[in-house]
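Visitor: Listed below, chain by chain, are the residues.
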Amino acid sequence: DPKIIQKPKYLVAVTGSEKILICEQYLGHNAMYWYRQSAKKPLEFMFSYSYQKLMDNQTASSRFQPQSSKKNHLDLQITALKPDDSATYFCASSQDPGGAETLYFGSGTRLTVL
Amino acid sequence: KTQVEQSPQSLVVRQGENCVLQCNYSVTPDNHLRWFKQDTGKGLVSLTVLVHENDKTSNGRYSATLDKDAKHSTLHITATLLDDTATYICVVGLGNYQLIWGSGTKLIIKP
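From first to last, the protein sequence lines are chains A and B. Under the working numbering, the letters of the first sequence match residues 1 to 114, in that order. Under the working numbering, the letters of the second sequence match residues 1 to 111, in that order.
Bear in mind the hints are in silico, worked out from the structure with no lab data behind them. Keep in mind the model is a prediction, meaning the values are calculated, not measured. Just so it is clear, CB atoms sit at the ideal spot from N, CA and C, and this is done for glycine as well. Please note that a few of the clues may not be correct.
Stated by the list, open to error - Okay, derived cross-link-like pairs now, SDA-like style, lysine to any residue, Cα gap no bigger than 25 angstroms in a straight line:
(1) Lys70(A) x Ser107(A)
(2) Lys42(B) x Gly28(A)
(3) Lys41(A) x Gly43(B)
(4) Lys82(A) x Gly43(B)
(5) Lys9(A) x Ser103(B)
(6) Lys42(B) x Ser107(A)
Said to hold, decoys possible - Negatives, chain B to chain A, calculated, CB over 12 angstroms:
(7) Val13
(8) Gly16
(9) Val20
(10) Ser26
(11) Thr28
(12) Arg61
(13) Tyr62
(14) Ser63
(15) Asp67
(16) Asp69
(17) Ala70
(18) Lys71
(19) His76
(20) Ala79
Generate the whole structure from the sequences, applying the supplied hints.
Guide: Put into structure tokens, the structure is as follows:
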């Protein structure tokens with residue numbers, strides 16, 4: 001049973017549109033994160049949330065907005081989509097934020113922007 | 001400049017043999033170092049976390065070392081299985097929320 005659920009698994013969008021990537025974790029964790037992996041590149045950290053509060057934002061563009069309606073939810077809203085946004089977006093969580101806590105990852109949402 | 005360098009980029013090993021993956025980094029501060037396994041098209045699985053100066057960890061057939069002075073880590077996989085075919089990623093944690101990711105070593109296990 002996956003403990004971190006990301007929806008949808010695949011997403012195709014047109015340039016200029018807006019999409020929301022869903023992430024729910026059922027591990028009882030207090031910290032959640034978003035990472036992006038573009039083709040043939042290392043993962044890049046985007047956001048971290050702890051107890052539903054934004055702790056760190058390494059995303060330059062305001063087009064990327066995390067949304068946390070519940071402690072175990074961290075969705076990612078992306079507006080004005082561009083082809084360069086095409087990537088696999090991974091959600092992760094850990095019991096507590098920072099440090100050497102074990103990270104658990106979802107299986108990702110592969111976004112393609114045409 | 002790449003902050004976390006992994007070598008080799010790819011490696012082919014016969015099933016049952018052992019292999020060693022290398023990770024060199026230039027990140028500061030290096031609060032801890034992680035190794036992940038990423039199956040093609042799937043998420044990431046944490047293999048181990050190394051925290052201390054000359055840490056060594058063991059997780060089944062996976063064992064890892066960390067030398068903070070040399071800014072170097074190794075991941076050893078013993079008695080490889082076909083299921084070990086994956087990309088292995090070295091990640092350095094800064095001690096806050098940020099992780100600096102390597103590009104990975106693509107390991108292929110042949111029968």
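Visitor: Next step is simple, just say for each hint if it's right about the structure.
Guide: Structure-based check of all given hints:
{"no.": "1", "hint": "Lys70(A) x Ser107(A)", "result": "holds, 21 angstroms"}
{"no.": "2", "hint": "Lys42(B) x Gly28(A)", "result": "holds, 22 angstroms"}
{"no.": "3", "hint": "Lys41(A) x Gly43(B)", "result": "holds, 15 angstroms"}
{"no.": "4", "hint": "Lys82(A) x Gly43(B)", "result": "holds, 24 angstroms"}
{"no.": "5", "hint": "Lys9(A) x Ser103(B)", "result": "holds, 23 angstroms"}
{"no.": "6", "hint": "Lys42(B) x Ser107(A)", "result": "holds, 5 angstroms"}
{"no.": "7", "hint": "Val13", "result": "holds, 22 angstroms"}
{"no.": "8", "hint": "Gly16", "result": "holds, 29 angstroms"}
{"no.": "9", "hint": "Val20", "result": "holds, 21 angstroms"}
{"no.": "10", "hint": "Ser26", "result": "holds, 14 angstroms"}
{"no.": "11", "hint": "Thr28", "result": "holds, 17 angstroms"}
{"no.": "12", "hint": "Arg61", "result": "holds, 19 angstroms"}
{"no.": "13", "hint": "Tyr62", "result": "holds, 14 angstroms"}
{"no.": "14", "hint": "Ser63", "result": "holds, 17 angstroms"}
{"no.": "15", "hint": "Asp67", "result": "holds, 17 angstroms"}
{"no.": "16", "hint": "Asp69", "result": "holds, 19 angstroms"}
{"no.": "17", "hint": "Ala70", "result": "holds, 20 angstroms"}
{"no.": "18", "hint": "Lys71", "result": "holds, 17 angstroms"}
{"no.": "19", "hint": "His76", "result": "holds, 20 angstroms"}
{"no.": "20", "hint": "Ala79", "result": "holds, 25 angstroms"}
In summary, the structure agrees with every hint in the numbered list given earlier.
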